[in-house]
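A.B. asks: Sequence:
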Amino acid sequence: MSEVHVVVESGDKLGEVPLWSPLHKLLFWIDVRKPALYAYKPGPGAVRTYSLPELVGSFCETSQGRILLALKSGLYFLDLTSGQLQSWFDPEPSLPNNRLNDGKCDRQGRFWVGSMNDGDRIPTGTLYSVTTDGKARGHFSGITVPNSLAWSPDGKKMYFADTPTKRIVVYDFDVEDGVLHNARTFLDMVGHIGRPDGATVDAQGCLWSAEIHAGRVARYTPDGRLDKAVQLPVTSVTSCAFGGDRLDTLFITTATQGMSDQARQEQPLAGALFAVNVGVQGISETPFIDISEARQQTEKQGDI
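For the sequence shown, the working numbering assigns the number 366 to the last residue and increments by one with no breaks.
Rather than coming from a laboratory, the hints here were simulated on the basis of the structure.
Hints may be right or wrong, so weigh each one.
Said to hold, decoys possible - When the alpha-carbon atoms are kept at most 25 angstroms apart in a straight line, the in silico DSS-like pairs for lysine-lysine are as follows:
{"no.": "1", "residue 1": "Lys75", "residue 2": "Lys228"}
{"no.": "2", "residue 1": "Lys96", "residue 2": "Lys75"}
{"no.": "3", "residue 1": "Lys290", "residue 2": "Lys228"}
{"no.": "4", "residue 1": "Lys219", "residue 2": "Lys290"}
{"no.": "5", "residue 1": "Lys96", "residue 2": "Lys134"}
{"no.": "6", "residue 1": "Lys103", "residue 2": "Lys87"}
{"no.": "7", "residue 1": "Lys218", "residue 2": "Lys228"}
{"no.": "8", "residue 1": "Lys228", "residue 2": "Lys197"}
{"no.": "9", "residue 1": "Lys103", "residue 2": "Lys75"}
{"no.": "10", "residue 1": "Lys75", "residue 2": "Lys134"}
{"no.": "11", "residue 1": "Lys219", "residue 2": "Lys197"}
{"no.": "12", "residue 1": "Lys134", "residue 2": "Lys218"}
All values reported here derive from a predicted model rather than from experimental measurement.
Whenever a hint applies, use it, and build me the whole structure from the sequences.
C.D. replies: See below:
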């Protein structure tokens, strides 16, 4: 395993959900609190910043190369060339104190995103799956801080964590209907310093979990056994994703949120984007089918 190195000293307050785009050859990530979406170009090392009008919890790429953003007031599309935002819909119009948090597409291209109360941290959140027709299906509620969304390589298992519980749960996943079954504990971190935050799965089916407060990303085998861990020079490790042309670089986001002045001095790299070659490959994330493409497909079918 290579040494961890700094990619961008971005000083993010709450860096989150890195995503590699094979189409654009860019590594995207967000700062929830800034709020902003970043696009990093390996090689030149250039970073483009897309400033956003409100808190952003997560995002995914669409089949047309746009970005679907989970903002405070709902879902929006972002055109990367013009920077223009297009409002789509709000899954929770009756819950103004909630915001959307961790989100990711399953292997079939449905966008899953969890909501949360950002102020009181009470369990008012729900996990949704969003489809191209603009419908959000609620799967379960009572969530405080949704995180750790990831799927096995074959898409038949889904991982999820409500971070304050310090447990990652794994579900059997119906790939056709997107329904969850047979919930059971995958990882119990009660008694540990760290808590489960963002996660990803590699091509061998192992889960890489960013363990906030513990300063590491840990790799767990499909049966929940700790295989290895990547230690970082900062404690607030928030999420991770594989990227690069060979998907063999693990990109890791971090945060400064909640750190004391002394901790900031002791951890000058807090909030940076890190990377490490961990010796295994990841899996390309499935893009969300863009509504413009879906509309074109529907129109073509109507002409038959």
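A.B. asks: Each of the hints needs a verdict: does it hold here or not?
C.D. replies: Here's how the hints hold up against the structure:
Distance hint between Lys75 and Lys228 is fulfilled; the C-alpha atoms sit about 22 angstroms from each other, no more than 25 angstroms. Among the hinted pairs, Lys96 with Lys75 is consistent with the structure: their alpha-carbon atoms are about 7 angstroms apart, no more than 25 angstroms. A C-alpha spacing of about 19 angstroms is found between Lys290 and Lys228, which places the hinted pair at or below 25 angstroms, so the restraint holds. A distance of roughly 21 angstroms separates the Cα atoms of Lys219 and Lys290; the hinted pair therefore holds under the 25 angstroms criterion.
For the hint pairing Lys96 with Lys134, the CA-to-CA distance comes to about 13 angstroms; that is within 25 angstroms, so the pair holds. At most 25 angstroms may separate the alpha-carbon atoms for a hinted pair to count; Lys103 and Lys87 meet this at roughly 7 angstroms. Our distance criterion of 25 angstroms between C-alpha atoms is met by Lys218 and Lys228, whose separation comes to about 23 angstroms. The straight-line distance between the Cα atoms of Lys228 and Lys197 is roughly 30 angstroms, outside the 25 angstroms bound, and the hint therefore fails.
At most 25 angstroms may separate the alpha-carbon atoms for a hinted pair to count; Lys103 and Lys75 meet this at roughly 21 angstroms. For the suggested pair Lys75 and Lys134, the alpha carbons sit about 17 angstroms apart, so the restraint of at most 25 angstroms is met. Annotation: proposed proximity of Lys219 to Lys197 holds, straight-line Cα distance about 23 angstroms (limit 25 angstroms). The hinted pair formed by Lys134 and Lys218 fails the criterion: a straight-line CA distance of about 30 angstroms is larger than 25 angstroms.
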